[in-house]
Each structure stands twice: as structure tokens, then as C-alpha cells.
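Asks: As given, the protein sequences belong to chains A and B, one line each in that order. First residue of the first sequence: 1, per our numbering; consecutive thereafter. First residue of the second sequence: 1, per our numbering; consecutive thereafter.
Hints in this document: simulated from the structure, not taken from any laboratory. There is no bait here: all hints are sound.
Result set (DSS-like, lysine-lysine): computed pairs, CA atoms no more than 27 angstroms apart in a straight line:
(1) B:K273 with A:K273
(2) B:K138 with A:K141
(3) A:K371 with A:K94
Source: prediction; values computed, not measured.
The chain contents come next:
Protein chains: 2
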Amino acid sequence: MTDVDFCVIGGGFAGLTAALRLKQMGRSVALLEARDRLGGRTFTQVRDDGSWIDRGGAWIGPGQDRIRALMTEFGVASYKQYTGGEAMMVVDGKQHRYTGTIPWTMSPWAAMNLGAVFLELGHMCKSVPLEAPWAAKKADKWDQVSLAHWLEANVLSKPAHDLLETAIAGCYTSAASEVSLLFVLYQMASGGGPSFVLGVKDAAQDARPIGGMGAIYRPMAAELGDAIHLSQPVRCIHQDDSGVTVRATDLRVRARRAIVTVPLAVAGQISYKPMLPADRMFLHQRMPSGAIIKVSVVYDEPFWRADGLSGQSAAPGSPATITIDACTDTGRPGVLCVVVEGPIARQLARLDETERRRAILDALVERFGRKAGAPVDYLEQDWSAERYSGGGMLSHAPTGVLTQFGHALREPCGRIHWAGTESSAVMCGWIDGAIRSGERAASEVLEHETAAVG
Amino acid sequence: MTDVDFCVIGGGFAGLTAALRLKQMGRSVALLEARDRLGGRTFTQVRDDGSWIDRGGAWIGPGQDRIRALMTEFGVASYKQYTGGEAMMVVDGKQHRYTGTIPWTMSPWAAMNLGAVFLELGHMCKSVPLEAPWAAKKADKWDQVSLAHWLEANVLSKPAHDLLETAIAGCYTSAASEVSLLFVLYQMASGGGPSFVLGVKDAAQDARPIGGMGAIYRPMAAELGDAIHLSQPVRCIHQDDSGVTVRATDLRVRARRAIVTVPLAVAGQISYKPMLPADRMFLHQRMPSGAIIKVSVVYDEPFWRADGLSGQSAAPGSPATITIDACTDTGRPGVLCVVVEGPIARQLARLDETERRRAILDALVERFGRKAGAPVDYLEQDWSAERYSGGGMLSHAPTGVLTQFGHALREPCGRIHWAGTESSAVMCGWIDGAIRSGERAASEVLEHETAAVG
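Just chain A, with the same shape it has in the complex (with noise of 0.2 angstroms):
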């Protein structure tokens, strides 16, 4: 049995900010982790030439002010994310290039249809209020209804509705069917609105950590040091007047808070006592994740640069579906990640690992030449393969869920304190955000020690 002031739960940027931030403050703190490894939905891997590849989470954007300061106080700097040459799109089988945000050479009613959509969900955006998104004038309006709903309304070019289909429906890693527009406008809000979200320079995919964001979690475990517990997957959280106990595998630690940070359908397998109150139960059952595969296609170098492209692709339906340079600061070696997301993500983890491999360079090489083909390393992470994040990137709300169950993202429950993206007003599906929602609820239980002592 371990004592002290406060237990945190998940290792990834929620728990480890709200761990480390309590520490500094002079607390007491066990942090469990059911992996062996941290970093949560993030996972940093350096390779035998030691260069890094982030096999979950890995750019940042303007706006983020709290990863920024979290590297500020480790040392870690960032590099812009390559974004010379071309980008390509991907419809019908026709490759078009591109430069800035729409890809006019497409066809000039899909590029208008795409121009005037970005300018309306940014419109519908604007209304939504980050704290209560279930308070935005057409909150119920828009709730009723899926993403697939919206666009297949408003999206009168086909071209157009595929590549805004899977660009937005891929931002939650599920299918378009599936996401509530409120929680798509919310959400996109939350990051300063769609072309924040879609967008690379300037943007959500704007820079990088040198180092990956290993280079930012692991100095935070290194100052934690043996408050962390890996490998302890918690299996009940019981609270009584006096404080909690958690019980994980081999470990039980008595404190006298809780913080939950870990992806809303995890955290409903953890066994309460007393039971949580019944909306934190349905929040719970009603916030899946998605499906998502990263696959880091390693190159001696980054060919496509030569080539004139950016590396930055996006192909509705195809195994490939979209592509970005990942490349480390130094540019070497070449790094292509191609993310496939949803559906198509389930589908391709049906495949055996050859056939997979097959698929997917198969495709590179038709967007990106010979050169594609021969990778010096491949490395696949499959989210929906982690047990203990139970799918990636983010969790979304379905219909219905944001108006009904919103409110009991951010409520404690007695003792237990929740964070995790999101549960982030600001940055709600970013690292950003998940780090803004440990730092809050570090506060959140500093601010019930002073209540008490008062």
C-alpha cells in the first residue's frame, strides 16, 4: 500500500502534466500507468541511427501555448514542419498538385464548393462556446445530426465531399456517420476553427519537437521519478470520506484524490465504488475512439523533396489515404508517415502484415514514384492494437451525447478528478489540450485541499 496526497492515472501528457505540476507544488504523488511504456497516445521511438519517429501525436501548432511552455522548461525547441513544393490530391485516380489550402487545379466548382464550406463551418464555429458547447444557439440542431449528414446536404461537388469527408471524418478517426456535427464544430473550434484543424503551416501540423515528444515526456518522468508505476493497469477506484484507494494490479495506493486522465471508453472499465453518478456512466459508454493506423515509411532520403513535393497528400479511399514529410529536423533520413484512419484503418488491419505493406507501398509508389517502394524501415502502429488506449487519435461524441453528457467531462465526481484532451475546453483532441486539462485538474485538487484547511 502506497500513500500519498494525490494518484493519477494514465501516463500520457494529461496524467504526467498533472503529476508533475502536483509535485512541484510540493505533493505527494503516485502515478500508474497500465503500459510499460508512457506517453499515452503519444510514443516516441528512436531508432539505432538515432534519429526518432512519433508514432502517435507528434506536431504542434500556433496557439498552443501550454506544450510550448512545457518545452520552454525542458529545453526542448522545435523545427517547422517541411512544407516546400507541391501537395497532391487524389481523386478518381488523378493526381493534382498543389500549392496553399484548396487545390484549385482540381476542378473550380469542387475547389469553390470546398472554399465555400471551410467558410461556413468557420462561420458555424464561431457560435459554438468552448466551455459549453451545448449552449451554441443550434447546439440541439446541430446534435441531432452526423458529420456524413451535414456534408452530403452541403457539399454539392462530389470530389469536393470526398476529400472533406474523409479530411474531417479522419480528424476523428471514425466515419463521417458517426461524428455529431456539434462535436465536429466544437471541436474545431476548440483548435480556432477548420483551418486551423486542416491545415499544415500555421496551423495544426505547423512544427515539430526536435526530439519527438519523447524529447518533452520523458525529461517530465525523469523529474517525477519513482512516483511512477508502470505496467499497473488500475482496476477499481473506491472512494470513502477520507480519500480513495486505487487497486491496480500489484499496487494499491491510498490517497486523497484521484486524477483520472485516460480516453473515456478506458475509463470506463475501471470498476468504481461507490458507482459514479449515472451521466459520467453514459459519458463513458457513449465516447468511443476510432481506428488508426500510422505507418512511418522510412527512406535514405526524403526523395519527394527533389521532386518537387511536400510529401503532403491526401487520397480519399485509397489504403494510403493521406501522407506528410516526417522527416526530423536534420532531413535525414527521408520519413514519410501515412496515416489511414476510420474505416478504411479497420480494413487494412484485416489484412495480413505483408498484404498491409503491399497495399500501402503500392500506393506511395503511384503518388510518389519507384523510389517509394524500396523504404530502408517501415514501422506500423495500429491505435486500435493498444489495448490501453482503446483505439486513437481522439474520442468523439455521436449524436446527441455533447447536449445531453457534455457537462460531465469537466465535473469531478467526489473524489475522483478528470482530464485527458477531451475533457479540454481549448486544444480539445490536441497534446495541447491534454496537457491544459492536467494542469487544470492538478488545480482542481490543490483548490479542494485550501476549501478544506479554510
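Please arrange chain B on chain A, whose structure you already have, making use of the hints.
Replies: Only chain B this time, still in chain A's reference frame:
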């Protein structure tokens, strides 16, 4: 360590049926139930005076042949639901008494709307193939929107809209905004159409077993004898090449195959090793249960009958949203069953016991007169507070779920087979569906046995 042919998880009707059929075929079975009682989402309580109350599922109707077969097997007779006198609709505080299905006295326009919607829903239901609702011609379209969206677009009269929303969404014990239109059509079709689902006489509330559901599940349990293990919540199911190992609180069962019969959100709390295929894991995250409080208000006699009322009433927005006569076959004592579902059930659950009782009795007095305020007994059953149901009555599919993940409802995952009413193509959501699913799962595991021998 208990060694048996098959292990069944969950002691509701699905699990009891599966175990019973296997035992009757000469196989050894262990049935693990998490609670200290059987019945699952049914629960018959016998009162001191010998009368009985169904605190959960209670009714049977035409077409429910498998529960009829069980009743015959165990010598359980049935009696007709009381439908004498007039039913009542309360709209904007005004009471409308009527007979038949449609409250014509309400307003001709509203009644016409109700009638038209029933016809339209019935028509749509006919195009949904029960074994594969995702193959309906308009499946994608219907799975993009919620019931709420469809009602708003198709029911112009506000009173008709509110009644339909209460009645239909009530079936899923959730808000209409949460439930996929395709799922509503499928579930209705599974029972034979909207008139079956929403009707009483010759429909889903046509009759009841004498003695309540317990009169069926108790003799089933007696026949199973020491195969049943109560208070054994299952933590983990481990599959290997030769069988499964099921770990419960203080029991380990080794079997050739397992049948999991618990609601989907509860099945998602079990740890599976190896992990389940992604689609089944995601299904567990995506089919939530709803909120339902069933209150049995007991009087010396069913005084409403003498007043020319059937006891059946619907009052959208009221804390006593739905009422129905729930007397035993003898008609004494008088039992009025109050059903509160979805958002109102969650609101009511937040009141303290006294306030909630007052709110409900006040509503009954307004509807049925002063006698309703002086019950001799008052029994509440809040299914959201049942840890091992995770809510009630049935799990629903939000938008996009049936078309993407519906195929996983019945597909075995290696040596794990799935039952529970949600997995039944016929009478999905009713006790009869649970029984069918148990019989199907029992057949499945026996077929594998034959295949292995052959």
C-alpha cells in the same frame, strides 16, 4: 478451477437459456452471474401478500414464440394485460381520454400526423432486412441521422411530435437525438413494426406470465442447479488453442468455449486476452445503454378501472411519463407501473428519494385523482444504478454504428460467442429476443463441437 464444456457469462434470459439448452444436451456448463440474483434486466419480486412485481422486463406479445415455448416447458400460464376503459394522453397539461391506438380527441391534425407517421415508419421498416439491417437500400442515409432529426422533419404537429418522441425514444431509454434512425427502424421491424412496438393489445404489452418473469427464470435456474455461480463478476476471458479460461472474483472456469450474454457496454468492461478483433471492441464502445426508472405503485385495488380508465397513460415531460396497469392476474392489489425513461429518468435520479416520490405521486394524483396519492407500497427500480446492467432496457446504436459495426453483433470471436437480446435479429430488445439469442449461441457452440469431431 472448475472444468466444464462451456462457460456462460450472465444470468439473464439469454444466459439461462443458453446454459439450459446445453445442459439438456448433456453438456457440462458453468454460468457466472455478477449479481447475487438471476434475471438480468428482468427481476421479479414477490411481496409479503404473495403478489409479485416485475421490476424489469414484464410483458409478452404475439410472435414471441420462444418465450412461449419456455413457458410451456415450465408450465407457466399467461394472462392478458388489462385494457378495459380508456387510455389517456396528457398534452400541455390537458388530459385526453381515448380508446384504440390513436388519440383522435387530441386534435384531428395531430391525430392525422400520428397516423401518417405510423404508416410511414411501418413502410420504412419493411425494407430493413432483419439479419442484415445495414444492407437496407437506404441504410447509409438512415444511419446518418438520429430519430430526433427524422421526427422533426416529418411530424409537423407539435403535440404529435412530442408524443411520438416520448413513445419511440422511450423504447431506447435515451434521447431521440442519440438513436440512429436506421437502428429504430431495424428494432421496430425486429418486433413486427411500429404498431407492435408501441401498442398494447395484440402487441408488445399484450400479456404477462402468471407469477411474473421469475416464474420462468426460477425453474430454469432450478434445473441448472449448481451450474450457477452467483456474485461472480467476470474480469477476464483468456482464449488459447484448446479453450478458454474465465476469471471471476473467486472462481476460475476452464471450458472449451464461452458465451457472453451481458449488455454490450458491460461486455466491454471484461478484459479479453488476446484482444478482441477491433470491430467487436469498437462495438462494445459504441452501443450504450439508457436510463430507465420503473416505479411500481401499489394500492389496495386498481381504482382507475372503476373510473373507466385502463391505467395506460402518456404525458411527455411529466415525471410519470408513462403509466400502465401492472396488476397480477387476480387484479388485487392494484399496481400502477410508472415508467420514466431517458433524460427525465436521469433528472429524476438526481432528486433525493422523498422528492422523487413526491414528484411522481403528484403527477399521478393530477392524472388519476386523489386516490393515487395514497399507495400502500412504492417500489423504485433505477436500472442506471445497476452496475451489471449499465443502464436499461436495451443497448441502442447511435448513427453510423449499425452500418459499420453491426456485422459484429453475432460473429463469434474465436472461442467466444455472443448472446443477449441485442444480438437477436428477431425480437431484438425483448425478452423473447434474449431467449432466441441464447438458443442460437448454444447451437453455435454445439456445431463447432461437431465440426471438430468430423
